[in-house]
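**Q** Sequence:
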Amino acid sequence: MRITHVTLRYPPASGGVEEYVYNLVERLRALNDDVTVETTALRTHHPATLLASPLADPPYVHRHAVRTFRRFAYPLPRSLRSSLLTAHTKIIHAHGFWYAPADIAARIAQRRQIPFVLNPYYVPRAKPLWTLYRTVVGKRTLSAADAVVVISPQEEAALRADGLRPRHVELIPPGIDPDAFVPRHKNPFEKRGLAGKPIVFSAGRLARAKGLDLALRALPNIVREIPTVHLAIAGEDFGEQGSLKTLAETLGVSSAITWLGKLPREELLAAYQHATVFISPSRYEAFGIAVLEAQAAGCPVVVANASSLPFLVSDGETGLLSRPEDPEHLAAAMLRLLKDRPFAERLAQNGRMRALRDFTWTQSLEKLRSLYTDLTHARST
2 MRITHVTLRY PPASGGVEEY VYNLVERLRA LNDDVTVETT ALRTHHPATL LASPLADPPY
62 VHRHAVRTFR RFAYPLPRSL RSSLLTAHTK IIHAHGFWYA PADIAARIAQ RRQIPFVLNP
122 YYVPRAKPLW TLYRTVVGKR TLSAADAVVV ISPQEEAALR ADGLRPRHVE LIPPGIDPDA
182 FVPRHKNPFE KRGLAGKPIV FSAGRLARAK GLDLALRALP NIVREIPTVH LAIAGEDFGE
242 QGSLKTLAET LGVSSAITWL GKLPREELLA AYQHATVFIS PSRYEAFGIA VLEAQAAGCP
302 VVVANASSLP FLVSDGETGL LSRPEDPEHL AAAMLRLLKD RPFAERLAQN GRMRALRDFT
362 WTQSLEKLRS LYTDLTHARS T
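First residue of the sequence shown: 2, per the numbering used here; consecutive thereafter.
To be clear, the hints were calculated from the coordinates, so they are not data collected in a lab.
Where a beta carbon is used, it is the ideal one built from N, C-alpha and C, also for glycine.
It is possible that part of the hints are untrue.
[To be verified] Pairs of lysine to any residue residues, derived as SDA-like cross-links and limited to a Cα-Cα distance of at most 25 Å, are as follows: (1) K368 <-> K246; (2) K368 <-> K128; (3) K140 <-> P125; (4) K368 <-> R30; (5) K128 <-> Y285; (6) K340 <-> D214; (7) K246 <-> T45; (8) K192 <-> E267; (9) K128 <-> P179; (10) K198 <-> L339; (11) K198 <-> P265; (12) K198 <-> Y285.
[As the list claims (entries may be wrong)] Across the chosen pairs, the derived CB separations fall in these ranges: (13) K140 <-> P228: 36 to 44 Å; (14) L252 <-> A196: 23 to 31 Å; (15) R166 <-> M354: 32 to 40 Å; (16) P179 <-> D316: 23 to 31 Å; (17) R209 <-> H378: 25 to 33 Å; (18) S315 <-> W131: 31 to 39 Å; (19) T136 <-> P228: 50 to 58 Å.
Build out the structure end to end from the sequences listed, making use of the hints.
**A** This is the structure in structure tokens:
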């Protein structure tokens with residue numbers, strides 16, 4: 002099957018969406034599908050920054066130069082339209098509501114009369130300019146989709162709450178590779194002088210949406226009761242690390258925090274396994290792949306009761322939910338898992354069992370390939 006994936010950013014750019022698309026592409030290719038990628042060299046899109054050159058892309062990844070706008074986060078890939086018009090493909094699968102690549106892909110798929118699939122990763126936006134976009138351009142793109150793929154039930158609910166009504170919705174969440182979650186004896190925290198300390202671990206981009214400021218505000222309550230506790234934060238800085246470090250100094254908890262930066266994959270998997278508790282106090286997550294990976298590694302989790310995270314965590318069964326924007330409630334949930342280890346272990350076992358049973362790449366790819374087949378057959382009849 003010949004498929005073209007269209008996305009604004011692509012690894013080595015960081016992010017859950019980027020990793021999701023990368024996994025789809027590489028795993029489809031491993032199944033002998035002919036998959037190409039149309040993307041850009043953006044590291045971040047607002048403000049626009051580029052990935053370091055040179056990029057070691059395979060020949061099936063095509064990156065386009067972009068035109069950017071100072072007050073509007075809508076980078077425009079200059080040559081994407083012409084590339085899609087001539088692409089040797091049977092399906093166009095675009096990623097990212099709110100962004101030009103999906104809008105361009107929708108128009109080209111209609112013109113070429115080939116199936117168009119859209120993964121919106123929908124995040125509500127309230128500013129007037131985005132409201133105008135949603136009700137005019139975005140609505141048109143969504144309506145053009147032969148199928149809209151959501152990665153959580155909450156994402157579909159958010160679309161419908163904003164008046165967007167896809168005609169065909171498929172739930173295909175990200176997956177994990179169970180073989181990757183085997184015991185790892187090398188503890189990445191030990192080489193950083195944290196041996197023997199209770200580790201609260203967080204992984205993800207350092208951006209406001211991730212809610213790390215809430216974790217920092219929760220930390221004084223935890224340190225008061227467990228002075229040896231340490232917060233280890235992994236992830237690439239997306240403009241928030243400076244303000245977070247200032248906040249930590251103000252709160253007097255700088256010495257209880259280690260900034261790990263973006264960890265290599267193997268070290269990240271080991272960190273999930275050796276952490277005492279994993280936290281995700283995010284304000285919004287389209288899915289929450291780091292939470293799923295922590296669960297698969299057997300780490301007990303505390304997540305915000307917001308957006309898609311309750312899809313992954315059943316409170317008191319596979320983890321704990323904390324009230325959004327409530328550092329004290331977050332601290333109480335973390336303390337419960339840090340202090341009551343039998344309870345934490347039970348949640349960890351339940352979370353791991355569900356992750357390995359219900360969220361595998363094999364399941365996700367079977368659904369996606371079946372969707373592709375149905376759409377191409379429908380077009381040919």
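**Q** Now look at each hint and say whether the structure bears it out.
**A** Here is what the structure says about each hint:
no.	hint	result
1	K368 <-> K246	violated, 43 Å
2	K368 <-> K128	violated, 35 Å
3	K140 <-> P125	holds, 13 Å
4	K368 <-> R30	holds, 16 Å
5	K128 <-> Y285	holds, 17 Å
6	K340 <-> D214	holds, 23 Å
7	K246 <-> T45	holds, 21 Å
8	K192 <-> E267	holds, 15 Å
9	K128 <-> P179	violated, 41 Å
10	K198 <-> L339	holds, 11 Å
11	K198 <-> P265	holds, 22 Å
12	K198 <-> Y285	violated, 30 Å
13	K140 <-> P228: 36 to 44 Å	violated, 54 Å
14	L252 <-> A196: 23 to 31 Å	holds, 25 Å
15	R166 <-> M354: 32 to 40 Å	holds, 36 Å
16	P179 <-> D316: 23 to 31 Å	holds, 25 Å
17	R209 <-> H378: 25 to 33 Å	violated, 44 Å
18	S315 <-> W131: 31 to 39 Å	holds, 33 Å
19	T136 <-> P228: 50 to 58 Å	holds, 53 Å
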